[in-house]
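Assemble the complex: chain R is given as a structure, and chain E must be docked to it using the hints.
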Amino acid sequence: MEFHIQDVTMTYPNGKQALGGLSLRLGSPSLTGLLGPNGAGKSTLIRLLSAALMPSSGVIQLDGAPLKDREMELKSRLGYLPQEFGLFDELTVWQFLDYMAALKGIRDSRAAIRQVLQDVRLEEQAKARIRTLSGGQRQRVGIAQALLGDPELLILDEPTVGLDPEERIHFRNLFSRTAQNRLVLLSTHIIEDVQSVCDHLIVLHRGTILFSGAPERLIQAAAGHVGVFWEQDAPENGEISVTARVHTACGVRCRGVAGVLPSYARPEEPTLEDAYLYLISREVAR
Amino acid sequence: MKRIVKYECRRLIWNRFFFGFLGIFLFYGWQVLKHEVLPGVAGTAPFSPWSFGSYLSRMAPFLWAGTLLFLTFFTSRKARRAAVLTDASPADPRRYGLARCAAVLTGAGLLTLACLGEAAFFYGRYVHWGHWETLLAPALTVLPPVLALALGGGWFLGRLRPWLVVLWMALPFLWMALPLPSALGIWNGSFFAEYPLTLGSLDPGFSLPGAVAAAQGAALGVGGIAFWGSFWGNAGRGG
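Protein sequence lines correspond, in order, to chains R and E.
Under this note's numbering, the first residue of the first sequence carries the number 1, and numbering increases by one thereafter.
Under this note's numbering, the first residue of the second sequence carries the number 1001, and numbering increases by one thereafter.
Take the hints with a grain of salt, since some may be wrong.
Short derived list, chain E residues pointing at chain R, Cβ under 8 Å [said to hold, decoys possible]:
hint	residue
1	1078
2	1082
3	1086
4	1087
5	1089
6	1090
7	1094
8	1098
No wet-lab data here; the hints were simulated from the structure.
Predicted, not measured: the structure shown is a model, and the values here were computed from it.
Here a beta-carbon is modelled for each residue, glycine too, at the ideal position from N, C-alpha and C.
So that you can see chain R by itself, here it is in the shape it has in the complex (with noise of 0.2 Å):
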C-alpha cells in the first residue's frame, strides 16, 4: 500500500489554511509518526488520508490512482481511530464492535472481537455497557474497533490520549508489532510515543513539512545544539530556549536547545524530543 501526495492544500471553508503545498509518500510497512504543536495540521492530513476530507488542491493516490476514485477501496482496508470519537453507550463493549464488525464486512466477527479484546486489554470488560466504561477504557474501544479485520492500513490519531503509562507501553508495542507488515500512521504530541517504535518521522508545523525521515536522522540533525547547565549561570534572556528544569539540592539544572549553544552550557547528546524541540524553536524564530 502506498499514498503518494503532490502538493496537496487544505483551507476550510472559514478560509483557514490547514495544509500548503504537501508533499509526501508514504508505503507499507511502515511505522510513521506524525508529529507536530497543536494546529500543525496534523489531523487535517489524517482527515485527507482516510478520505473523510477532499484536498482543496492537489492530488492523493492510493496505489498509484487518485484517492477521490478508490475511497471504497481504502475504507475496506482501513483502520482508523480519530482524536475525538463517540461510541453507542447503550450497546456492551461486544456489541459495539459486532456492530464495527457488521459495517466492517467482517464474517467471522467472533474470533476478530475476541482477538481485538485480547489486544487491547478489555476481556474483562467485553459484556460491560459502553456508559460504564472510564474514559481510557472508551478509547482502548476506539483502538479495537480500528485494529478490527486486521486492516492494512492503520490511522491512529492521539491513540494513547487517556491511557495510563502503563498502557501506554503496550499500546506502542502493539503498534509496532501490527507495522511489521502494515502502514501505520500514528498521530501524536506525545514524542515518547514515537521514539522508540517509529522507522519515519514527519514533523508538521503550520500546515507545512519541517521534516520527513527517518528519526536517528532528525536527532542527528540537532547534534551540537542541545546542551545542560545551571540556572543560575544563565543571564536572564540567554539565546537558549530551556526544554526542561530539575530542581536539585544544587540548584536548578536545565536543558536547552539554541542555534549556538552558550559557554555556560555543556553539549549533551540528543533525544529525540530534543531534536524536536529544535526543529520547531528554529521555526518559530523564524
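This is chain E only, laid out in the frame that chain R set:
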C-alpha cells in the same frame, strides 16, 4: 445489515426512555378512550369507525413525536461523534441508512401496535366488542400518512440540520391548536368529530370526502418523496 438493524433496535427500544414514552403514550390513550371514545364521538357508538378514528387522530401527534424521537438517536451530537467511526467503514451509506430506518420503523411500529392493542383491550373489556375489520378503514386513513410524513420529512430535514427534526416534531401539536381547513381535519382531530354530523343519519358508515382523502394521499406522497430524496437523491449516511 441484519446485525445493524438488531443493534439499532436495541439502542432505540431497549432503554428507559422508550418505556417511559410508552407509559405516557398509553396513559394518554387510555384517558382519550375513557373520556372521549366511551361516550361516543359525534353521537356515534364508541366502537364506530368515527370514534376509533377520533382516538387515532388524538394519538397521531404522539406517534409522530415518538417516531422523530427515535430519529434523534441518529442526529444528536453524540450520534454525530460516533459517525466519524461508522463513516470510515466500507459499508454502503444507502444500505446503512436503510438499516437504521428499519430500526426506526420497528420502533414506530411497536408504538402503533401499542396504540391499537390498547384500543383492542379497551373495546374487549369495556364494550365487549370485537369486529375489528370495521376499524381498518379509519386506521389506514390516519396512520400511514402520519408515519410516512413524520419519518420521511424528519429524515430529510435531519440530514440538512439536526435541530430541524425537533421543529418537525412540534408540528402536529401546532396543528392541533390551529383552525385548519376541513380537508386537513384529520390532523387536528376535527374531522371525526364534525363530519359524521353532516351526513344526516344516526351512526353513519365510514366514508371519506374527496378533499380529505386527497390531503391524506398528499401527506403519504410527500413523506415518500422526502424519504426517497434522503436516500437516493445524493444519499448520505442514514440520519
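Self-check item: Numbers of the earlier hints that this structure fails to satisfy, in rising order
Solution: The structure breaks hints 7, 8; every other hint is satisfied.
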